[in-house]
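K.L.:
Starting from the known structure of chain A, fit chains B and C onto it as the hints suggest.
These are the residues of each chain, in order.
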Amino acid sequence: MRYETVIGLEVHVELATDSKIFCSCANRSGDEQNTHVCPACCGMPGMLPVTNKRAVDLGMTAGMMLNCHINRTTTFDKKSYYYPDLPCSYQTTQWFSPVAVNGTVTIDAGNGPKDIRIKQIHMEEDAGKLVHDTLSNTTLVDFNRTSVPLIEIVSQPDLSSADEVVAYLERLRSLLRFAKVSECRMELGTMRCDVNLSVRPEGSDVLGVRTEMKNMNSISAIRRAIAYEVDRHIDAIENGTEVLVQETRRWDDEKGMSFAMRNKETAGDYRYFPDPNVMPIVIDDAWFNRIKDTLPPFPEVKKQQLIDAGLTEYDADLLTQSRVLCDCFDAAFAVSGLAKECANWIATNCLAVLKKNGQTMDDLALSGTRLGELVKLVGDGVVSNANAKKILDAMFEAEGADLDPKAYAEVNDMVISNDADAVMDVIRAIVAANQKDADDFRGGNEKAINPLFGKCMKELKGNCTPQQLREMLISYLVPSA
Amino acid sequence: MNKEVLIRLEKLNQLRLTDEQEAATLAFFDEREAEMTALDAIDTTDVVRMVHVMPLENVLREDVASQPFTREALQAGAPAAEDGYWQVPRTVD
Amino acid sequence: MSIYISKAQDVAGKAVALEDLVLTTALPTTGGSRMLEGYMSLFDAEVVGKLEAAGFGIAGKVNVGEFGFDVLGETSYFGTCADAEGNVVSATSALLAEGEVEAVVGLDVNGAQRRAAALSGQVCVKPTYGAVSRFGTIAVACSGETVCVSANSAEVAREVLAAIAGHDDKDGTSLPEARCALVAGESAPFERKKIALAQGLVSRADDATKAAIARFVEFAEAAGFAVEEVDDAVLEAARPAWNVLMSAELCNNVSRFDGVKYGYRSANAETIDDLYTNSRTEAFGEVLKTAILYGSEMLSEENYDKMYDKSLRVRRVVCERFAQIFAEYDAVLLPACLKAAYAPADFEADKFLCYKANDCTAPASITGLPAVVAGGVQLVGPAFSDAALLALAGQFETAKEVR
Chain A
1 MRYETVIGLE
11 VHVELATDSK
21 IFCSCANRSG
31 DEQNTHVCPA
41 CCGMPGMLPV
51 TNKRAVDLGM
61 TAGMMLNCHI
71 NRTTTFDKKS
81 YYYPDLPCSY
91 QTTQWFSPVA
101 VNGTVTIDAG
111 NGPKDIRIKQ
121 IHMEEDAGKL
131 VHDTLSNTTL
141 VDFNRTSVPL
151 IEIVSQPDLS
161 SADEVVAYLE
171 RLRSLLRFAK
181 VSECRMELGT
191 MRCDVNLSVR
201 PEGSDVLGVR
211 TEMKNMNSIS
221 AIRRAIAYEV
231 DRHIDAIENG
241 TEVLVQETRR
251 WDDEKGMSFA
261 MRNKETAGDY
271 RYFPDPNVMP
281 IVIDDAWFNR
291 IKDTLPPFPE
301 VKKQQLIDAG
311 LTEYDADLLT
321 QSRVLCDCFD
331 AAFAVSGLAK
341 ECANWIATNC
351 LAVLKKNGQT
361 MDDLALSGTR
371 LGELVKLVGD
381 GVVSNANAKK
391 ILDAMFEAEG
401 ADLDPKAYAE
411 VNDMVISNDA
421 DAVMDVIRAI
431 VAANQKDADD
441 FRGGNEKAIN
451 PLFGKCMKEL
461 KGNCTPQQLR
471 EMLISYLVPS
481 A
Chain B
1 MNKEVLIRLE
11 KLNQLRLTDE
21 QEAATLAFFD
31 EREAEMTALD
41 AIDTTDVVRM
51 VHVMPLENVL
61 REDVASQPFT
71 REALQAGAPA
81 AEDGYWQVPR
91 TVD
Chain C
1 MSIYISKAQD
11 VAGKAVALED
21 LVLTTALPTT
31 GGSRMLEGYM
41 SLFDAEVVGK
51 LEAAGFGIAG
61 KVNVGEFGFD
71 VLGETSYFGT
81 CADAEGNVVS
91 ATSALLAEGE
101 VEAVVGLDVN
111 GAQRRAAALS
121 GQVCVKPTYG
131 AVSRFGTIAV
141 ACSGETVCVS
151 ANSAEVAREV
161 LAAIAGHDDK
171 DGTSLPEARC
181 ALVAGESAPF
191 ERKKIALAQG
201 LVSRADDATK
211 AAIARFVEFA
221 EAAGFAVEEV
231 DDAVLEAARP
241 AWNVLMSAEL
251 CNNVSRFDGV
261 KYGYRSANAE
271 TIDDLYTNSR
281 TEAFGEVLKT
291 AILYGSEMLS
301 EENYDKMYDK
311 SLRVRRVVCE
321 RFAQIFAEYD
331 AVLLPACLKA
341 AYAPADFEAD
351 KFLCYKANDC
361 TAPASITGLP
371 AVVAGGVQLV
381 GPAFSDAALL
391 ALAGQFETAK
401 EVR
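Here the protein sequences line up with chains A, B and C, keeping their order.
For the first sequence, this note's numbering begins at 1 and goes up steadily by one.
For the second sequence, this note's numbering begins at 1 and goes up steadily by one.
For the third sequence, this note's numbering begins at 1 and goes up steadily by one.
Just to be clear, a hint being listed does not mean it is correct.
Unchecked claim - To spell it out: a stretch of chain C is covered by chain B in this simulated footprint if at least three of its residues, at any positions, have a beta carbon under 8 Å from a beta carbon of chain B; those stretches are: (1) 39-53; (2) 235-241; (3) 257-267; (4) 280-287; (5) 296-310; (6) 350-358.
Hints listed in this document are in silico derivations from the structure and should not be mistaken for laboratory results.
Treat the numbers as computed from the prediction; the structure is a model and nothing was measured.
We put the beta carbon where it would ideally sit given N, CA and C, even for glycine.
Chain A on its own, in the form it takes in the complex (with noise of 0.2 Å):
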């Protein structure tokens, strides 16, 4: 009997807001336990929820990014459950009007053009972390993240394979990464996933029973868990190994196996109900067409228009890795009209110190103008590519404060002179102390002229561009030239 897969998945996603959802404490991961904490978020008595406008406008972002019908009327409601990661012991959610329905993903595993559907996208806040101290046998609670807007994005059963879920996530990532959504790292837990998955002989259209594993973090470890769980509802079916039931899993990695978790409520024991405390968001035509205005088009459009452009692939591709990265090469294209020279900066150069940093490229903070403006600088021969490296470091290091290269060259004495008599008392002094390249170079051999280019360029100190150099040595060494 051959068999087929039917998973469906839910995808959360935490908004790159500056603060949480329901109150003002920063949204900031990584940090030391409990510091981004007030009497909201730990749960304690007073305090009213009002709501981020941000993270709507994000949640809206989302629901158009994935062709989404936005719910011009959308409110938040209460789900009720005990655990120590949820201080209030509710959370505030979204299910009776979410704020985005019915959308489509397209995606590509490899074999042609698939439309996954989303049933839904809605807000709701994130519960917080727990530290198991094996030691004391005590749980740790940090309520960092508690109440961080989240997305959860919710498909339809539409999806056949690991490959399939696999290609579904990126294009997931890469579409909400490039609408400046989330940054959707799976390795900090900004994106995580729930697979709900179920198996069904070939062509029944009896859908099998449905195990969810929750909290998913990462994309290989997604393919071995699929693998594993689509192994074992088969062993079941046909060996009757096990006895199939609808419940939630948690996937050890490590083990390479899924276990059972300790029996939590059942959807229907969440008490979902309006939260009095919060008004319906009524989403007008201004603020609907505010959201549209700003969306970034597709990646693959925009890399198309990068090549257009004249970029490789391999730039259109890095660049359209990260909005961040395409703002920053249409602002310094649009200054300095050297479409290769922008991307070949932005990808070599900046890359390098955001990764001698620490940083990611989403962390770019230079302005796209000012590395045009200096792009141009070197392309004008104004300034040498050595010394405009050290202009990009200054920049970097000026940390978002503005830094004019022109007048930064200028004044540290980085602008080249291309005086043509300092340049040429130079070649004198250098060919007079190399006759023998010289001679060499002129009896033909054309490798010769290289170590007296190299001389010169270093006595020069930058102060001629090496085309000018070139052309003032050959016809110093052949007059006739």
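P.N.:
Below, chains B and C without anything else, positioned relative to chain A:
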């Protein structure tokens, strides 16, 4: 409503009632149920539910972060805390 | 007698007390519950700052029933108060009777303050929903509860209400300043000169309560008002509907009290479930526990539509019925309590009286309409008629005195 459902409700709400309290609570549920005839008498077929009594909308705040309270202050009344964490018995997944 | 749960050392300005559901940094806030015994808030309620800015000083924290939804405070962990005849009285009205404070600011969850005022002949105003910030009050039944003022006279109640009304960005249900100002302002008097009498509720009241209604009718007619009986069958549906909404919201709101972050934690907490269950079982009173279970059940998958959603729809029907009445009348006259007194034996016979004694308070609770209790009667008016209701109550007080 019966005892079985009541016990499930107690579990769901992390409460434990004595036998006497359970009996009183079951009677309470019966009494409330009897009052529901007053609700049933009102035809609400085409009535839109009313969550908020005041018709406000779009009560939103700007996305600005602040940290007015220290961890020490927030944990001053904690029944158990360790190393800047709240502490509870070990949970199992 | 347990009037104060905690008391300030010095009081700067005109003394007002706060019910212990209003959070303060200077004094603990218990909500009348063992769960929060000694609980210190890190911030003051919005009304605290407003009172102080208006020259009032906080005298102390007044005992309340556990999380404020009972009849008269009889469920407090910290004991109850009785009057000379041995009847149960709320700590708030006992304190006002002593005359040491001008007013008590509390949270009207289920009408306890209005009942207390009616039983003691004091004044209580439950303002229009959203006109006074709920920031810093212990949330119980958010969709209908409001900060309220109890006082010995309508004039003082008006003065304190004017001090605490106002927009607050920290409360997402807070009305815009201009609307709040309507509540805090001078009275825009009633012009129709017509009052609707809720006949069904009045007919079920005891004789003393009926007599108070009769006194008001006599006063109103003398003051040029026509008082006419109206059908209040729909208003009577407010009670079961509010019982559902209040219990469900209460169940959810007090679920944060779990022994993890602050407050009471059971000594028997070997596992996380022991911690939760033992802490809540040991720290919560019996009436609260039953209310939680009832609220939880109203939100269950089976009951949500026919109980919770139905109650939300009935809320609109009640609002519409009031709107119909206000198209013709200035206000609705009804009792605040069908009984003129509660003896301890009443609560021994039925612990859960708060689900029945609220017939007359539920209509204003579920709709968010302003209500004023004075001279043993209750007036409910259209939104923002708070000042006019208080002015009329003030005239009633004066008329009684003259007579």
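K.L.:
Checked against the structure, which of the hints given earlier come out wrong?
P.N.:
none
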